[in-house]
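Turn these sequences into a full structure, and let the hints guide you.
One letter stands for each residue in the lines below.
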Amino acid sequence: MKLRGAKKVHYDSGPNMTPLVDVVMVILIFLMLAGSFGGASSFLMNKQAIRAKGLNHKQLKPGELPDPQIDIYIDNLRDGSGFIAHMSGSEGVTRPEELTKILAAKRAELLANGNAPDKLQVILHPRVDSKWEYLIAVYQATNEAKFEKVAFATSQ
Amino acid sequence: MRRHSMPEIKESGVNVTPLIDIVMCLIIFFMLVAKIGVSRGEDKDIQLPSTIIGTKIEDLGNTLTLNIHPTNVEEPLVTALVDGKVREIRLNDRLHGTIDHPLQRVLEEFQKTHPGKAKIIVRADKEVLYRQLEQVLITIANAGISDTAYETKDASKSG
Chain A
1 MKLRGAKKVH
11 YDSGPNMTPL
21 VDVVMVILIF
31 LMLAGSFGGA
41 SSFLMNKQAI
51 RAKGLNHKQL
61 KPGELPDPQI
71 DIYIDNLRDG
81 SGFIAHMSGS
91 EGVTRPEELT
101 KILAAKRAEL
111 LANGNAPDKL
121 QVILHPRVDS
131 KWEYLIAVYQ
141 ATNEAKFEKV
151 AFATSQ
Chain B
1 MRRHSMPEIK
11 ESGVNVTPLI
21 DIVMCLIIFF
31 MLVAKIGVSR
41 GEDKDIQLPS
51 TIIGTKIEDL
61 GNTLTLNIHP
71 TNVEEPLVTA
81 LVDGKVREIR
91 LNDRLHGTID
101 HPLQRVLEEF
111 QKTHPGKAKI
121 IVRADKEVLY
131 RQLEQVLITI
141 ANAGISDTAY
151 ETKDASKSG
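Line by line, the protein sequences are chains A and B.
FYI, in my numbering the residues of the first sequence are 1 to 156.
FYI, in my numbering the residues of the second sequence are 1 to 159.
Because the hints were derived from the structure by calculation, they are not lab data.
Possibly wrong hints are sitting among the right ones.
To be verified - No farther apart than 27 Å at their CA atoms in a straight line, the calculated lysine-lysine pairs in the BS3-like style are these: (1) B:Lys126 <-> A:Lys146; (2) B:Lys85 <-> A:Lys119; (3) A:Lys101 <-> A:Lys119; (4) B:Lys117 <-> A:Lys146; (5) B:Lys126 <-> B:Lys85; (6) A:Lys101 <-> B:Lys153; (7) A:Lys119 <-> A:Lys106; (8) B:Lys44 <-> A:Lys146; (9) A:Lys47 <-> A:Lys106; (10) B:Lys126 <-> B:Lys112; (11) B:Lys56 <-> A:Lys119; (12) B:Lys126 <-> A:Lys149; (13) B:Lys44 <-> B:Lys153; (14) B:Lys44 <-> A:Lys101; (15) B:Lys56 <-> A:Lys101; (16) A:Lys119 <-> B:Lys126; (17) B:Lys112 <-> A:Lys101; (18) A:Lys146 <-> B:Lys56; (19) B:Lys56 <-> A:Lys149; (20) A:Lys47 <-> A:Lys146; (21) B:Lys117 <-> A:Lys149; (22) A:Lys149 <-> B:Lys85; (23) B:Lys117 <-> A:Lys101; (24) B:Lys112 <-> B:Lys153; (25) A:Lys149 <-> B:Lys153; (26) B:Lys56 <-> B:Lys112.
To be verified - To give an idea of the interface, some chain B residues facing chain A are shown, with a C-beta separation under 7 Å as derived from the structure: (27) Val23; (28) Cys25; (29) Ile53; (30) Thr55; (31) Lys85; (32) Asn92.
This one's a predicted model, so the numbers in the text were calculated from it and none came from an experiment.
All residues carry an ideal CB built from backbone N, CA and C; glycine is no exception.
In structure tokens, the structure reads:
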């Protein structure tokens with residue numbers, strides 16, 4: 001006996017989801033990898049990391065004035081929970097945002113006096129037992145205040 | 001009259017969609033692996049300080065990463081990728097009665113192989129004290145390298 005119904009073609013219903021799933025998976029894997037391996041590191045650049053006698057010093061020509069300089073003395077807070085930064089003409093600052101504001105004002109003042117922005121320099125004088133965590137916070141504040149030349153002074 | 005029915009048209013050729021999908025997956029995988037596989041010898045145990053500003057370094061080819069760990073002695077523990085291996089590099093070493101400066105030698109060699117382009121990435125732990133870090137910065141300056149970058153954790157991304 002011949003079964004006629006068995007020869008009927010069976011059509012799939014609805015759209016083919018396979019390419020969609022493939023593409024979504026590729027995007028998912030890409031974003032997962034990019035997210036976990038892209039890293040959350042950032043870099044604070046410096047062209048003159050340290051300032052000491054005999055290191056990176058420019059010899060002044062006769063009549064040439066030294067570049068305007070701001071000295072910041074960094075100390076640990078007594079309880080070790082942060083830093084205190086001292087500058088000439090201002091009280092000790094413990095918050096980086098406050099330091100940024102003071103530095104930005106000093107920079108504006110120096111620029112108003114006719115100094116070129118690339119000549120302004122900041123020298124950081126940390127205590128020898130200052131933690132890097134606090135020093136980088138001060139360094140960041142100088143960067144935020146748009147100072148281009150920032151260096152650490154040697155303790156000796 | 002006999003009616004001729006239309007011949008059945010069948011799809012010819014191979015469906016290449018899955019092939020393209022898999023090839024694309026492999027390409028993306030190898031691209032990522034190749035990028036991740038280039039290690040610059042960074043020590044993942046180092047706890048970086050957080051900052052909210054900072055830039056990315058696109059070309060790491062001319063960089064040497066110095067991992068700086070805090071210690072209980074005057075000299076910090078410095079490690080770097082030298083000759084394909086991460087190894088400890090001492091700042092000062094006593095060799096046959098004379099004082100040797102291994103880190104300075106490594107940095108001078110790096111400066112020679114990357115003339116005018118050498119950049120040192122300072123990857124210091126947030127607990128490192130300035131008395132220890134200062135020695136590394138002086139050594140970098142003594143080696144004639146002025147281009148440095150301080151590596152930090154991007155607080156805006158890591159939360």
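How the hints compare with the structure:
With a C-alpha separation of about 24 Å, the suggested pair Lys126 of chain B and Lys146 of chain A falls inside the 27 Å cut-off, and the hint holds. At most 27 Å may separate the alpha-carbon atoms for a hinted pair to count; Lys85 of chain B and Lys119 of chain A exceed this at roughly 41 Å. Note on Lys101 of chain A and Lys119 of chain A: the hinted pairing holds, with a Cα-Cα distance of about 20 Å set against a maximum of 27 Å. A threshold of 27 Å between alpha carbons decides the hint, and for Lys117 of chain B with Lys146 of chain A the separation of about 24 Å falls inside it, so the pair holds.
Pair hint Lys126 of chain B plus Lys85 of chain B holds up; C-alpha atoms about 24 Å apart against a cutoff of 27 Å. Annotation: proposed proximity of Lys101 of chain A to Lys153 of chain B holds, straight-line Cα distance about 23 Å (limit 27 Å). Note on Lys119 of chain A and Lys106 of chain A: the hinted pairing holds, with a Cα-Cα distance of about 14 Å set against a maximum of 27 Å. Restraint check: the Cα-Cα separation between Lys44 of chain B and Lys146 of chain A comes to about 31 Å, which exceeds 27 Å; the hinted pair is violated.
Taking the CA atoms of Lys47 of chain A and Lys106 of chain A, the gap is near 22 Å; set against the 27 Å cutoff, the hint holds. Under the criterion of a C-alpha separation no larger than 27 Å, the hint pairing Lys126 of chain B with Lys112 of chain B is inconsistent with the structure, at around 30 Å. Taken as a hint, the Lys56 of chain B and Lys119 of chain A pair is honoured in the structure, with Cα atoms around 25 Å apart against an allowance of 27 Å. A threshold of 27 Å between alpha carbons decides the hint, and for Lys126 of chain B with Lys149 of chain A the separation of about 23 Å falls inside it, so the pair holds.
With a CA separation close to 12 Å, the supplied pair Lys44 of chain B and Lys153 of chain B stays within the 27 Å bound. A distance of roughly 34 Å separates the Cα atoms of Lys44 of chain B and Lys101 of chain A; the hinted pair therefore is violated under the 27 Å criterion. Annotation: proposed proximity of Lys56 of chain B to Lys101 of chain A holds, straight-line Cα distance about 25 Å (limit 27 Å). Under the criterion of a C-alpha separation no larger than 27 Å, the hint pairing Lys119 of chain A with Lys126 of chain B is inconsistent with the structure, at around 30 Å.
Taking the CA atoms of Lys112 of chain B and Lys101 of chain A, the gap is about 41 Å. The hint is violated against a cut of 27 Å. Distance restraint check for Lys146 of chain A and Lys56 of chain B: the Cα-Cα separation of roughly 18 Å lies within the 27 Å cut-off, and the hinted pair is therefore satisfied. Note on Lys56 of chain B and Lys149 of chain A: the hinted pairing holds, with a Cα-Cα distance of about 19 Å set against a maximum of 27 Å. With a CA separation close to 14 Å, the supplied pair Lys47 of chain A and Lys146 of chain A stays within the 27 Å bound.
Between Lys117 of chain B and Lys149 of chain A the CA atoms are separated by roughly 19 Å; this keeps the pair inside 27 Å, and the hint holds. Distance hint between Lys149 of chain A and Lys85 of chain B is unfulfilled; the C-alpha atoms sit about 34 Å from each other, more than 27 Å. With a CA separation close to 34 Å, the supplied pair Lys117 of chain B and Lys101 of chain A exceeds the 27 Å bound. Distance hint between Lys112 of chain B and Lys153 of chain B is unfulfilled; the C-alpha atoms sit about 30 Å from each other, more than 27 Å.
The suggested pairing of Lys149 of chain A with Lys153 of chain B holds, with an alpha-carbon distance near 22 Å, which does not exceed 27 Å. As the CA atoms of Lys56 of chain B and Lys112 of chain B are separated by approximately 25 Å, the hinted pair is consistent with the 27 Å bound. For Val23 of chain B, the interface hint is violated, the least distance from its beta-carbon to any beta-carbon of chain A being 11 Å, above 7 Å. For Cys25 of chain B, the interface hint holds, since its Cβ comes within 7 Å of a Cβ in chain A; the closest pair sits about 6 Å apart.
With its C-beta approaching chain A no nearer than about 6 Å, Ile53 of chain B sits inside the 7 Å limit, and its interface hint holds. Interface restraint check for Thr55 of chain B: the shortest CB-CB distance to chain A comes to about 6 Å, inside 7 Å, so the restraint holds. Evaluation of the Lys85 of chain B hint against chain A yields a violated restraint, the C-beta minimum of about 22 Å exceeding 7 Å. Annotation: Asn92 of chain B was flagged as interfacial toward chain A, and the flag is violated, the nearest CB pair being 15 Å apart, outside 7 Å.
Of the numbered hints given earlier, the model fails hints 2, 8, 10, 14, 16, 17, 22, 23, 24, 27, 31, 32; all others are met.
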